[in-house]
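Model the full assembly from the supplied sequences, consistent with the hints where possible.
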Amino acid sequence: MKRISFLIICFAAITTAHAQFKVNGKIAGTEEGTKLFFFSEDGRTADSTVLTNGEFSFSTPYKTSGEDMFALILKGRPYPMILVADKPEVALQSEQSIFPVATTFKGGQQAEWMQEYHRTFKPVISKANALNAEAAGISGTDEDAKAAFREKAKAFEGEVLKTGTDFIKAHPKAQASLFLLMGELRSRLTEDEFAKQFNSLDASVKNTKFGKKIGEQIAEVSGSGGNAVMTGIKAKDFEQEDPNGKMVKLSSFRGKYVLIDFWASWCGPCRVENPHVVAAYHKFKDKNFTVLGVSLDKNKRDWLDAVEKDKLTWTQVSDLQGWSNAVAALYGVRSIPQNYLIDPSGNIIAKDLRGGALERKLAEVLQ
Numbered sequence: 364m365k366r367i368s369f370l371i372i373c374f375a376a377i378t379t380a381h382a383q384f385k386v387n388g389k390i391a392g393t394e395e396g397t398k399l400f401f402f403s404e405d406g407r408t409a410d411s412t413v414l415t416n417g418e419f420s421f422s423t424p425y426k427t428s429g430e431d432m433f434a435l436i437l438k439g440r441p442y443p444m445i446l447v448a449d450k451p452e453v454a455l456q457s458e459q460s461i462f463p464v465a466t467t468f469k470g471g472q473q474a475e476w477m478q479e480y481h482r483t484f485k486p487v488i489s490k491a492n493a494l495n496a497e498a499a500g501i502s503g504t505d506e507d508a509k510a511a512f513r514e515k516a517k518a519f520e521g522e523v524l525k526t527g528t529d530f531i532k533a534h535p536k537a538q539a540s541l542f543l544l545m546g547e548l549r550s551r552l553t554e555d556e557f558a559k560q561f562n563s564l565d566a567s568v569k570n571t572k573f574g575k576k577i578g579e580q581i582a583e584v585s586g587s588g589g590n591a592v593m594t595g596i597k598a599k600d601f602e603q604e605d606p607n608g609k610m611v612k613l614s615s616f617r618g619k620y621v622l623i624d625f626w627a628s629w630c631g632p633c634r635v636e637n638p639h640v641v642a643a644y645h646k647f648k649d650k651n652f653t654v655l656g657v658s659l660d661k662n663k664r665d666w667l668d669a670v671e672k673d674k675l676t677w678t679q680v681s682d683l684q685g686w687s688n689a690v691a692a693l694y695g696v697r698s699i700p701q702n703y704l705i706d707p708s709g710n711i712i713a714k715d716l717r718g719g720a721l722e723r724k725l726a727e728v729l730q
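Letter by letter, the sequence shown follows residues 364 to 730 of our numbering.
No wet-lab data here; the hints were simulated from the structure. Even glycine gets a Cβ: it sits at the ideal position worked out from N, Cα and C. Not one of these hints is a red herring.
Restraint ranges, calculated between C-beta atoms of paired labels, are given here:
1. S422 / L524: 33 to 43 angstroms
2. L524 / A499: 22 to 32 angstroms
3. E452 / N607: 41 to 51 angstroms
4. G685 / D410: 20 to 30 angstroms
5. R482 / E394: 18 to 28 angstroms
6. L729 / G521: 18 to 28 angstroms
7. G521 / K485: 14 to 24 angstroms
8. E452 / L729: 41 to 51 angstroms
Computed list of lysine-lysine pairs in DSBU-like fashion (alpha-carbon distance at most 30 angstroms, straight line):
9. K569 / K525
10. K619 / K674
11. K490 / K398
12. K450 / K426
13. K714 / K490
Here it is as C-alpha cells:
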C-alpha cells in the first residue's frame with residue numbers, strides 16, 4: 364500500500380508563520396541514538412532529533428487556521444505519523460513496533476481524527492505486508508499459485524476500498540478523509556467515484572487549501588482546462604534529457620513495463636516514497652520492468668545528489684524547470700509524488716501506486 368505517505372500531495376506554496384506548534388512525546392522500544400525527523404507541510408525537514416530514553420520535543424511556526432499538517436518519521440519505520448496543527452500542542456506516546464499508531468494521544472479534533480485514521484489502517488497495512496511477502500515467494504512458473512494470489516489481492520483491494528469509504532462516511536469533516544482519499548483510495552476509484560467521495564465531504568474540509576487543490580484536480584479531469592491523464596489509454600510519448608545530456612524517449616522502452624515516476628529532491632513525500640520504488644525496482648527489474656524518473660527539480664546538483672543518496676539506479680530525466688517541467692505539463696501533474704504504470708504496448712494500466720500497492724500490481728502483471 365502506498366506506504367502511507369506523510370503527504371500524498373506536495374505543494375509549492377510556503378506557509379506564513381503566525382504561532383508555534385509544539386509536539387512532545389515518547390516512543391518506547393527505540394534504541395538509544397534513533398533519529399526522529401519532523402517534516403513541515405512543504406515537504407522539507409523542519410527539524411530532527413536523536414531520541415533519549417525515547418523522548419522528543421519539537422516546536423515550529425505554523426498558521427493558526429488549523430489546516431497545516433506535519434509529519435513525524437521514525438528512522439527504521441516505513442510509515443510516518445501525520446499531525447494536524449488545529450491546536451498549538453500535541454502530546455503523544457507510542458511504541459517503535461506500532462509507530463505511527465499512538466498508545467496515548469492528545470491534540471485537537473483534526474489531529475485526533477488523523478490518529479484514528481492511523482489506527483484504522485494498521486491492520487490493513489499488516490495484511491498488505493503479508494501479501495507482499497507471499498508474492499515474493501511465488502515461483503514465476505507456478506500458475507496455480509499466481510492465480511490464487513490474484514484472487515487474494517483482488518479481495519484485499521476490496522477490503523481497502525471498503526475500509527476507506529467507511530472511514531470517509533464516518534468522518535466527513537476530517538482532513539484525514541482528504542489524506543485517505545488522495546492516498547489509499549486514489550488508485551482504487553474511478554474518476555467519477557473519486558469525485559463522488561470528495562463531494563460527500565463537509566464544505567469546511569473541501570474549502571481547506573488541500574481540499575481546494577483536490578477540487579481543482581477534479582475540475583481538470585472533468586474537462587475544465589486540464590491535461591489529466593487517465594488509465595486505459597495510450598501513454599503520451601515524450602523526450603527529455605538525462606543527467607548526461609542524452610535525449611531519452613518514453614517510446615524507447617516499448618516492450619517493457621515502465622513506471623513513470625514524477626518526483627523532486629525537495630519533495631519530502633517523494634523522498635519517503637523512494638525506498639518503496641527502489642525495492643520494487645530491484646525485485647522486478649529482471650522481469651521486464653523498469654522505472655523512468657522525471658524530476659521537477661531546478662537545481663541539477665540537488666537532483667543528482669538525491670539520485671545518489673536515494674540509490675535511484677534507473678534512468679532519470681529532467682528539463683530543470685521545476686513545476687514548469689514539460690513532461691509534467693503533458694501529463695497534467697499538479698502534485699507529487701505521482702506515477703503511471705505503462706504496459707509493453709504503451710498503455711497506462713495503473714496510476715498513483717504507493718508502497719506495497721506498487722509491488723502487488725507488479726506481481727499481478729509480471730508473475
